[in-house]
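A.B. asks: Okay, here's what each chain looks like letter by letter:
Protein chains: 10
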Amino acid sequence: MNAGEVTQKLFDAKKKKGKTFSDLGKIIDRDEVWIASLFYGQARASEEEAARLGSALGLEKDLCDRLTEFPTKGLGPLVPTDPLIYRFYEIMQVYGMPMKSVIHEKFGDGIMSAIDFTLTIDKEIDPKGDRVVVTMNGKFLPYKKW
Amino acid sequence: MNAGEVTQKLFDAKKKKGKTFSDLGKIIDRDEVWIASLFYGQARASEEEAARLGSALGLEKDLCDRLTEFPTKGLGPLVPTDPLIYRFYEIMQVYGMPMKSVIHEKFGDGIMSAIDFTLTIDKEIDPKGDRVVVTMNGKFLPYKKW
Amino acid sequence: MNAGEVTQKLFDAKKKKGKTFSDLGKIIDRDEVWIASLFYGQARASEEEAARLGSALGLEKDLCDRLTEFPTKGLGPLVPTDPLIYRFYEIMQVYGMPMKSVIHEKFGDGIMSAIDFTLTIDKEIDPKGDRVVVTMNGKFLPYKKW
Amino acid sequence: MNAGEVTQKLFDAKKKKGKTFSDLGKIIDRDEVWIASLFYGQARASEEEAARLGSALGLEKDLCDRLTEFPTKGLGPLVPTDPLIYRFYEIMQVYGMPMKSVIHEKFGDGIMSAIDFTLTIDKEIDPKGDRVVVTMNGKFLPYKKW
Amino acid sequence: MNAGEVTQKLFDAKKKKGKTFSDLGKIIDRDEVWIASLFYGQARASEEEAARLGSALGLEKDLCDRLTEFPTKGLGPLVPTDPLIYRFYEIMQVYGMPMKSVIHEKFGDGIMSAIDFTLTIDKEIDPKGDRVVVTMNGKFLPYKKW
Amino acid sequence: MNAGEVTQKLFDAKKKKGKTFSDLGKIIDRDEVWIASLFYGQARASEEEAARLGSALGLEKDLCDRLTEFPTKGLGPLVPTDPLIYRFYEIMQVYGMPMKSVIHEKFGDGIMSAIDFTLTIDKEIDPKGDRVVVTMNGKFLPYKKW
Amino acid sequence: MNAGEVTQKLFDAKKKKGKTFSDLGKIIDRDEVWIASLFYGQARASEEEAARLGSALGLEKDLCDRLTEFPTKGLGPLVPTDPLIYRFYEIMQVYGMPMKSVIHEKFGDGIMSAIDFTLTIDKEIDPKGDRVVVTMNGKFLPYKKW
Amino acid sequence: MNAGEVTQKLFDAKKKKGKTFSDLGKIIDRDEVWIASLFYGQARASEEEAARLGSALGLEKDLCDRLTEFPTKGLGPLVPTDPLIYRFYEIMQVYGMPMKSVIHEKFGDGIMSAIDFTLTIDKEIDPKGDRVVVTMNGKFLPYKKW
Amino acid sequence: MNAGEVTQKLFDAKKKKGKTFSDLGKIIDRDEVWIASLFYGQARASEEEAARLGSALGLEKDLCDRLTEFPTKGLGPLVPTDPLIYRFYEIMQVYGMPMKSVIHEKFGDGIMSAIDFTLTIDKEIDPKGDRVVVTMNGKFLPYKKW
Amino acid sequence: MNAGEVTQKLFDAKKKKGKTFSDLGKIIDRDEVWIASLFYGQARASEEEAARLGSALGLEKDLCDRLTEFPTKGLGPLVPTDPLIYRFYEIMQVYGMPMKSVIHEKFGDGIMSAIDFTLTIDKEIDPKGDRVVVTMNGKFLPYKKW
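Protein chains in written order, with my numbering: chain A, -3 to 142; chain B, -3 to 142; chain C, -3 to 142; chain D, -3 to 142; chain E, -3 to 142; chain F, -3 to 142; chain G, -3 to 142; chain H, -3 to 142; chain I, -3 to 142; chain J, -3 to 142.
Honestly, the hints are just simulated from the structure, not real lab data. Accuracy of the hints is not assured; some may be wrong.
Residues from chain D shown here face chain A by an in silico Cβ test under 8 Å; the list is partial [what the hints assert, rightly or not]: (1) L59; (2) C60; (3) T68; (4) L71; (5) T77; (6) P79; (7) E86.
For every residue, glycine included, the Cβ atom is placed at its ideal position computed from N, Cα and C.
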């Protein structure tokens, strides 16, 4: 069972049980985006988390086990072709240098961690069209000198 | 004067005047990230905005004019090598599909606009290490059927 | 059943039933290009649209269900090798900057949406050789300043 | 004087004279998109057209001469990073195969010419947001058998 | 049955029947290169041509049907690694610009069509080593102005 | 003086003298395509050929000398964007494998040389549109076994 | 049976029979490197050679037949990742231009053929560490002028 | 003075003095290929070697100094386009795996060093066409286990 | 059984037996990183080592045999997307030239061998967060002159 | 003055003053590799550090200022061609997955930081050939769950 098949089975189980990512998140006290990351093999559950999700979704034992493995992460293609994902690539292309300048001005030389990091997605109701609000929160890591 | 030289001259003027991006933003009532985008040729000022910034930074006329042109946007290299910018690429690689799933679940088929879009950067003080908070706010655009 | 197999089965059913894309479009009041997009997993049908198409094409239940999923869009290869598709890539290469200039001159800074967007293909009879007329119609999205 | 410099000088002259692409097009009875293509070295003017445009824009002789050369066409980067131009790349990625299917169904095996081809851009006023209408008109070229 | 398998089966049948491409071409009055293109899914036969070839090669019905489909053309890899095919890539690299100059000088601005196009291969006997003669014959398509 | 500048100067001299490639070819008894190859630094003249061409074109000594150097050949970009040159790339993509099969069938295992090779371009007058005829003639080189 | 499977089966047979490439070479009077090339589908045996090798290795008929086909050659990845093979890529990167200069100085404008070509590998015993000696021997092909 | 300019000046001096690489090699008791490597910034001379070559070629002091620097090696483009250099790339593509197999069979797991390595080029006179003989001699480095 | 399947089976056996890489290393007196390299097909065991590991992990005979083969090494993708592995790519991007300068200053012209090479990973306990210590130890190989 | 020119001037000053990286490191109490990183624009000095280095190297004011800027980091080319730097790429290719496995086994899910990170290079004298010892020391960053 390869990584794509694991993902597919998880989505099938989720659909069958009629759960949202948010429903699943509540079961183990995690955010919906983190749950979706787990589905795509981009995060790793503890044995207990895997057991609780497995129970809620009716997963077989070996599928549960896969949730606790260390995944090889990343999408693969250098430039994504899916329009929704591409927009995040475009934001990095267009606003990458500006963000770098503002972060350096505010924090000094270093980076925003993508590991000690959380990401949430909210829906902002707006009569002119609802808005997607993505909030990234990462620890600032100053470059060490030695 | 190519795009890189325009950027360099703007940074030189900013340094000489001792202004932060935030200071400049207040002059024309814009966010600091937007100002930095303008410096990198990723945004376009109105004639009035350009005049006010030009006055605050002591810019020459033709440099002011460049701020009002339609820029060719984007960084260029497919995969960025600068560690700070790369982290945003990594976020897209690792969390792209999870974000796609959650956005589709909450909003339906469509994308988050990167045009009708704002991006702000805040500093969250934390004794274990300050945190960078990036907030992206984009209009949801549903796919049109025809 | 992967995405390519879904496409193949849809084409087989269409051939067997002797329908054109236009015939199928009339059943659910959609354009022929949109129907072809659905066949290639680039669009998403509502449950009702899927049911009606499924009935007209004699599709099995799980194939119908696939029409209602959120697809990962895009062809994949960076530069297409098929001559017909390449011509659209060539048009973007040759006329991309000119179109950008004219759109900016007429509309200001922003883009033509590829989401709030329709695309139709017409046949123009011409004694010197029939002509393909592709009409793209996308909402202009002005860049937000913040 | 390289190709980029020729383009820059033409834009400077156009700005100084306060002409739109449409104004220039009327002088030599050509479409505004074609004029913009000429500015970007993607098209070639006759000696007479170059002379008339040169006179309207106050161009020097050698700049006029450049308008009559055979250009090496194309933007260069495999995947464009400018958001406006990228949308046309995305359209090719998302709608390429659907267009291929519909064109084959309507015309048989062959392609839409990108040479015996015209492209116009219109503005459609719409209270919900103006729309960009791009019309491509290319001769259908059937594959020759031999 | 994917495209590679179709090709393989056609070659097997050809070998079993002991036919050359030239033999097969005579059956439907086509050139040997065109027949080979058909084997590789780069061309499309009419129903009658497919039937005649199918009969000569003893092909099953569904294999015959595949010969009449609209293929997705092109080899795939950006730079071919097979030495024989690479030589044509090298010719394009080395003689591309010279050919462009001579064609423009003789015909004006435009291209040689690769669609309204034939290609034949002849063997020129030479005591110092036989020679391959490739003749390409494509319609000149002048760039349309509009 | 880099390679591009050498080419530009040669074209300027040719224009000034009002010569075609064919005219220049007659001076040293070479084909027009070979002359164009020399202009683009893809071929190498003998000292005498360089002197004769230099005299006809009014070239300075060091420009003449450059014609006798061993050039680093090739255009550079992996996939050409100029439509005329791209068509030769497309021919390699679409007809590469068919040509390989026919050449192997007629000659055995080996390649067509791109070194012991000539290439000519002829104009075939045709009331339905003139045709470009490209004739490539390369020695067949059988693979050596050892 | 794809190309990789043919290779795997040949290696299995070789291992089972306990033969070296050199042993196999002696059977048909060919060099060990050529035999290894045949195993990897980079060379083509005559019917008789295939029969003799098949007999020595106990190969089935259809495996023998595969040795006589015209292979599509080349490894595939643009830059090899295997350290042993990469060293040959590195040699080309580091010593390519120097070799070009020396060959041009000694032979004139042309290339070393990779077709009329042999390659042998010898082991040179050396107390400081044995040495690999690779000898390439290719016909010089002068560029033809025409 | 960048690396390309250093190379150009060295070639100019060599031409002016009428020396071959072999002549220069004799001056400092090095092979002609090594001298050419030095010209291309792929090797590094000792101070004494640089002085002797500088004297023979009439080089200025700072040009001599450049010969003693640690160069950043490698040609750059992933796939070379120059036909002569490409042949070495092709040899790696076609014969890479066969060489790997033979070297492993003869030496065990490890590589041929490209550092403790020499490369010579000889001319083998042959009435059917002279031959280029390239001899690579590299230390075998066994993989260390730990 | 392809390389990925061999790796998967080895990990399954390791998990079932509850062994760490370090445990396995002790059985054959090798470092844990070397053992992991063997699992990923990047190293090669002797027959005796394979037998001992096979016995400890309960491997079948043909799986044991695979451990003694000469592997084709390397991960494949040019730029890794997994964040942990990417950091090593980033280190090479950011510190590659500085390391080169320091190594040249200390050792002269040459490289650090990646073949006569060991790599160990230690855990350094630190109250502010444990640290990963990677120690690479490779023989310096001076460039040979000839 | 672009980044490459800054680097070149720093190296010239270092050579003129006859300092090693280690000498310079002692002046501001930093490691030699960090100093080399600063020379290549991969690190950033404080104003005081820049002043002291500037004094020791006799740098002009604006060169000193460049040492305190936030650099855009990274080498650029996806795959390095310099043999010394390539070895680190090769180590990542060959040992990347094994390192990932061992780090996960010892530390859990997370990465080794390349920011809170030091790198030193030592020379280990060895009669069989000196050895380069590279020690990387990076904080382990566990993936945050949310």
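A.B. asks: Hint validation: E86 (chain D) versus chain A, beta carbon distance must be below 8 Å. Holds or violated?
C.D. replies: At about 6 Å, which falls below the 8 Å cut-off, the nearest Cβ of chain A leaves the hint on E86 (chain D) intact, so it holds.
A.B. asks: Given a cut of 8 Å on the nearest C-beta pair, is the interface hint for L71 (chain D) held or broken against chain A?
C.D. replies: Hint violated; L71 (chain D) Cβ to chain A Cβ min 15 Å, cut 8 Å.
A.B. asks: Given a cut of 8 Å on the nearest C-beta pair, is the interface hint for T68 (chain D) held or broken against chain A?
C.D. replies: violated, 25 Å
A.B. asks: The hint names L59 (chain D) as touching chain A; please verify it with the least Cβ-Cβ distance against 8 Å.
C.D. replies: violated, 33 Å
A.B. asks: For the hint on P79 (chain D), just tell me whether its beta-carbon gets within less than 8 Å of chain A.
C.D. replies: holds, 6 Å
A.B. asks: Once the shortest beta carbon distance from C60 (chain D) to chain A is found, is it less than 8 Å?
C.D. replies: Given a least distance of 36 Å, the restraint on C60 (chain D) is violated.
A.B. asks: Please verify that hint: T77 (chain D), Cβ, nearest Cβ of chain A, below 8 Å or not.
C.D. replies: Since chain A brings a Cβ to about 5 Å from T77 (chain D), closer than 8 Å, the hint holds.
Violation of the numbered hints given earlier is confined to hints 1, 2, 3, 4; the remaining hints are satisfied by the structure.
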